Amino acid sequence: MSVLGLFNYWIFVFLMMVGFYILISRGNLVKKIIGLNIFQTSVFILYISMGKVTGGTAPILVEGDAVYSNPLPHVLILTAIVVGVATTALGLSLVVRIKEAYGTIEEDEIQAEDLRS
Amino acid sequence: MTAIALLRIRNLVAVVMLAGIYSLLSAGLFTVMDAVDVAFTEAVVGAGISTVLMLGTLALVGRKEKAPDRHPVLPLFVVLVTGAALVYGTLDMPRFGDPGNPIHHHVAPRYLEESGHEIGIPNVVTSVLASYRGYDTMGEITVIFTAVVGVVLLMATRRRRWPGEGKGDDDGG
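Protein sequence lines, in the order shown, are assigned to chains A and B. Residue 24 in the numbering used here sits at position 24 of the first sequence; the count goes up by one each step and never skips. Residue 185 in the numbering used here sits at position 68 of the second sequence; the count goes up by one each step and never skips.
Simulated from the structure, these hints should not be mistaken for lab results. Some hints could be false.
Unchecked claim - DSSO-like, lysine-lysine: derived pairs with alpha carbons at most 30 Å apart:
(1) A:K32 / B:K181
(2) B:K181 / A:K99
(3) A:K99 / A:K32
Keep in mind that this is a model prediction, so the values were computed, not measured.
Just chain B, with the same shape it has in the complex (with noise of 0.2 Å):
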């Protein structure tokens, strides 16, 4: 995927926009696995507003990486290893689309079976998200404040104030 080329690229431009790219590729990825909402937010927030917030950063601190002098053999080591035993790890995981998998078998069928008549929506995502699970995101909404209150303490102390850092991170659900 994407991902490599990412690596590789020391034009931080450059980087940006594959990250963006890499992000739409992910969105439809979601889309391909029902997950609609998640494909939504990701499509606006990961592509969108990470893309312009990076490219705003970038206006400000340069957009050449310089080359990595050290040598990449320990990171690789560690990385190599890491996915290894990652790898071990996924060979008990239950396999993918089993509908017999543990993760279907708690709260999920309730919120399947009874949310239509007890919240009365149609979307299950949007009456789990904003009913059974609202103190989750209210939590969330407390996470973005705290974010949005140090972006602007960070940037109002700058001499030259620049205006668009710090807005439009406040948006999605």
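Pulled out of the complex, with its shape left as it was, chain A reads as follows (with noise of 0.2 Å):
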């Protein structure tokens, strides 16, 4: 329980790293934007282990004695994923633009374009 407890955590920090790697290695914007998601689903990861109980059960109220998990956490996370998607759809609809703009939507090559110019 000591060090094992501690595995959700590792999880998390192991999806964030995938992700952030992505982020920082891939010239390719939509990859990049998948990398981000990688990324902010690990937080959401994180946030919905913490709110965990064990041997709790999901937050809806029923008869008798139960033991509930956490339900803040679930609520601050059900706002987060759908803000998410919308800055998702956002950077979606940029990548659209500069494609329209420059042709590709490889980084190194948006560099060349913009130091032709």
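Using the hints, put the two standalone chains together into the complex.
As structure tokens, this is what we get:
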């Protein structure tokens, strides 16, 4: 229970680092947005795993005594997921505009184009 | 998990499909951790709407990623160092699932005990979302509205307008 209880944080760190790596090492803008999504999901997993109580159940009230998991992180993440999709949509539409303006969505080609002009 | 495959594959359509699978898997993980509402939202919004939006984008921008020509050593180094620092930071974190964790001792017990007769909805997540933290939800709607306006403005200046983009992301709770 001592070190194994930290396993959820390690999953979170691993996923976050995969997202981060995609974000900084890939030049394709769509791939970057996908990396950002993975990054985002890792934070969701962090919050939800903190709200979990061993032996608890989903926070929907039932008759009698029951142990519920913490509802607060669920609410926050519910909001965050929807906001995340909104920002993803905005990012993707920016990518579409960049494709129209530059004819490419690769970062280095965009920079080369900028230098030429 | 699927995330590694996401990193490797260069065909963007396959990447988008894997991203959908990844979202679905994380929705399953949320269900296991008692967050059923979050799992619903992730499955619908993350696995559904995001995938559709990304496929729509790919239809417009092409589906091949160029081979990375930069050396991945520097990003890898940065990522490893950051990851190591974060893992070191988790050593002091409260253990998973322990009911004595600090997160369970502020407002959460009040929500669980009082919301039943204060709000009258059995689902605590709904009552917190719609009532106790209603301002959060209002701010969220503002953000979504702003994003939709941004998408519509970006798309409206195009010569050949493509229907569908900019819709569908004003969904969910």
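Now for the hints, and whether the structure bears them out:
no., hint, result
1, A:K32 / B:K181, "holds (14 Å)"
2, B:K181 / A:K99, "holds (13 Å)"
3, A:K99 / A:K32, "holds (15 Å)"
In summary, this structure violates none of the numbered hints.
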